[in-house]
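Student: All chains should be modelled from the sequences, with the hints used to inform the complete structure.
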Amino acid sequence: MRVLVEILDSHGRARWREHLALDGDPARFTVGRGAAADVVVDDPHAAALHAEVEVDAAGRARVTDLGSLNGITVGGRRLRSAHAVELRDGLFTVGRTRLRVRTPAETLAPELPESEGLRAGVNAVLLSLASAAVCVGFVAYSVWLSAPQNMAGAMATALIYALLLAGAWVAAWGFVTRVMQSEWRWALHAAILFTVLGAVVFLDWLFDALWFALSLPGWPSQQTALLVAAAVLGLHWHLRGASNISRRRAALVAVALPLAVGGGFYFVNAIAQARNVNYIGVELKVFPPSWRMRPGGSLDAYFAAAARLKDETDRKRRAMRGEDDEDSPGDED
Amino acid sequence: MIPLLRFLTLCAALFAVAASAQERSGASRRDVAAEAVSENARIVLERARPSIVQIRGFFGANTAQAFHGTGFAVARGGILLTNYHVTAEQVMYPEKYRLEYRTPEGKTGGIRVLAVDVRHDLAVVRAQGFDAPPLMLNARVPDKGTRAYSIGFPLDVGLTITEGVSNGRVEDSFEPRIHYSGAINGGMSGGPAFNAAGQVIGVNVSGYRFEQLVSFLVPASHASALIEQALAQKAPPAAAQIRQQVLEQLHAHADALVKALTPSADPMPVQRIGGYALPGKLAEFIDCGASGDPAPEAPVRTERISCSAKAGLYLQQGLYTGDLRYSHFVLSTEKLGPLRFSNRLSDMAQARGGFGARRHVSPFTCRDSTVALQGFDARLMVCTRALRNFDGLYDITARVVSLNQGARGFASHLDLYGVDFAAGMAFLRRYVGAMRWEG
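Protein chains in written order, with our numbering: chain A, 380 to 712; chain B, 39 to 477.
Accuracy of the hints is not assured; some may be wrong.
Per label pair, the in silico range of CB-to-CB distance [said to hold, decoys possible]:
1. B:Lys319 x A:Ala588: 32 to 40 angstroms
2. B:Arg468 x A:Thr536: 20 to 28 angstroms
3. A:Phe586 x B:Arg467: 25 to 33 angstroms
4. A:Gly455 x B:Leu377: 53 to 61 angstroms
5. B:Lys373 x A:Met699: 47 to 55 angstroms
6. B:Ala336 x A:Tyr658: 27 to 35 angstroms
7. A:Ile650 x B:Gly115: 47 to 55 angstroms
Source of the hints: derived by calculation from the structure; they are not laboratory data.
Here a beta-carbon is modelled for each residue, glycine too, at the ideal position from N, C-alpha and C.
Tutor: Shown next as structure tokens:
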């Protein structure tokens, strides 16, 4: 039986191939660091004769530990003194060397037509261009909205800054992908960045306009919530695109990291704002009067509700009791 | 042409010689007058000198001073008059601050606060071991243009007299003040101001730091009642009693301010601008100024009206209270569409909090909603915070933005400092209720 043993690199691609012509059913070969092994690995963490692999006629491979110190890893689990453990997709690790056993009985994915890879690439480029256009549109809109005296100059400055920042972001993820996957995937990372960013900016604007149209007070944490959602989605897609990380692990990192970092910032900021006696959190965002869909309430109702501010204000004042006076006054009176 | 020019030059030269001769004779006359005036200043200072002390505040057990002002004898037995704000830290934090006096000769001793009048920024104190002849008070406010002197310890550089002119009572001020055109600097607070006869006409209270010689005195007439009250007391009041007096006086000041702005029957006076009727000059003592942007190329025209009661009491460093300010920014455009115009309006409406210090005020709490006013709808935001050391006094900050026109609108700011909550809210309601769209 002809068996192909591949030694893989960290990206899962074959670094070295060894063709073995084996007799017997099941056919057997050994893996180890010593010259006596059928497949010799250059790995100080492997034993001289580390493992024996048997391959039956149907192409199923099983691995047995030959008494190694470090054991064998199969399917992500490290096994001590494994005996005839079946391999999935022929994959196992000896020491720190990943190997794949392939036989003529393997099933392969159908051949890809050449145009499909190209189309996927073109799609990513198109998506990144389209979403970048949306983001550029928003930057231009915000400059236009503020109606600066020198519109062309302000527009150029804002766009250059925005594109530089976006470029740095995409370059950073491209670099990570190059290290992990040995390709850059610019278009993919650009598409992720611009799509997520465009969605956040648009939703933030949409909510502001909606609160205004419905005569409702704004939601103070709106921007924070949108940013956290964007960070979770964006990080998940960036991680999946940049590495071989599993969907579950990527989701875990994408949720945990923004929550930890964003939550930390939010917490520190909230404390600073709560301590700042001059801080007013309300932003009065106003849109054209024709967008309004609900009339204003009565002054009576407003001031009846505003009377409750007193209790809240008194509560904050009481909460400050017992604090030390930090600053001592000085100078002439 | 040339002879004419030569003639004119000659005439000019002759005139210059005549003018310089006149200058010389004028100067010699003035020198004599100036010497007489300076001599008078010397006499005033010499007479008053034994009765004037520096008042110094110390933090904890420190021997280096935290702040200082001036005081002067108004009755035998070490009874001194000074500004309330010189004693304020000790009144509010008696366990942390102590007050001492120091005579120009270097004699020192302790000071005890007997009575305070926060509204007029006066305090009567007793200086232990000090007994100087009292200075004579003259309750009459001197006329504009009469000579006046002010004495104190500016910037800790020793006993100093400055010479100036009384400009009579400040016109349209909420609390009475004498306008003294002379220098009053930090450290002179609480010192006496004299007329040419050496009688005390007022107490140094404040000056504009970046203006030239615009200073203010509390008229002496307000001191008499306070001195009598202090002398009538059998025992010096406890610190808590004085703080209670301060609180009551602050409430009285704030109530008087809000009352003065709220005539019982009349509607609030309004000013018409850009199609809107907005609260105008609400009382005589309110100081209003208006300005606009004359640049024709600006896409949005802005007119601004700012009014201030200038009624604030300076209590302690970083704490002004009992005051009111409001401004309207009225915007219109012919160049911008409704979306861009409303964005400009939003910028004008933002509230930026102010300059409160954490030891004096609590953080803000806000409410924001859209309300129907007379003929138009507006967004109304109100934020309140409490004065930490004074029960029942609040800062109220409100913003109003009109929502009825695509190319016209206003943002109005109202800030009330240290007022009763209900009275402040009632005033805000009248203020907002007076706004009207007239088209």
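Student: Now look at each hint and say whether the structure bears it out.
Tutor: These are the hints, each one checked on the structure:
1. B:Lys319 x A:Ala588: 32 to 40 angstroms: holds, 38 angstroms
2. B:Arg468 x A:Thr536: 20 to 28 angstroms: The hinted range 20 to 28 angstroms is violated for B:Arg468 and A:Thr536, with Cβ atoms some 46 angstroms apart.
3. A:Phe586 x B:Arg467: 25 to 33 angstroms: holds, 30 angstroms
4. A:Gly455 x B:Leu377: 53 to 61 angstroms: Once the Cβ atoms are compared, 56 angstroms apart, the range 53 to 61 angstroms for B:Leu377 and A:Gly455 holds.
5. B:Lys373 x A:Met699: 47 to 55 angstroms: Check passed, 48 angstroms falls within 47 to 55 angstroms.
6. B:Ala336 x A:Tyr658: 27 to 35 angstroms: With a Cβ separation near 31 angstroms, B:Ala336 and A:Tyr658 satisfy 27 to 35 angstroms, so the hint holds.
7. A:Ile650 x B:Gly115: 47 to 55 angstroms: holds, 53 angstroms
The structure shown violates just one earlier hint, number 2.
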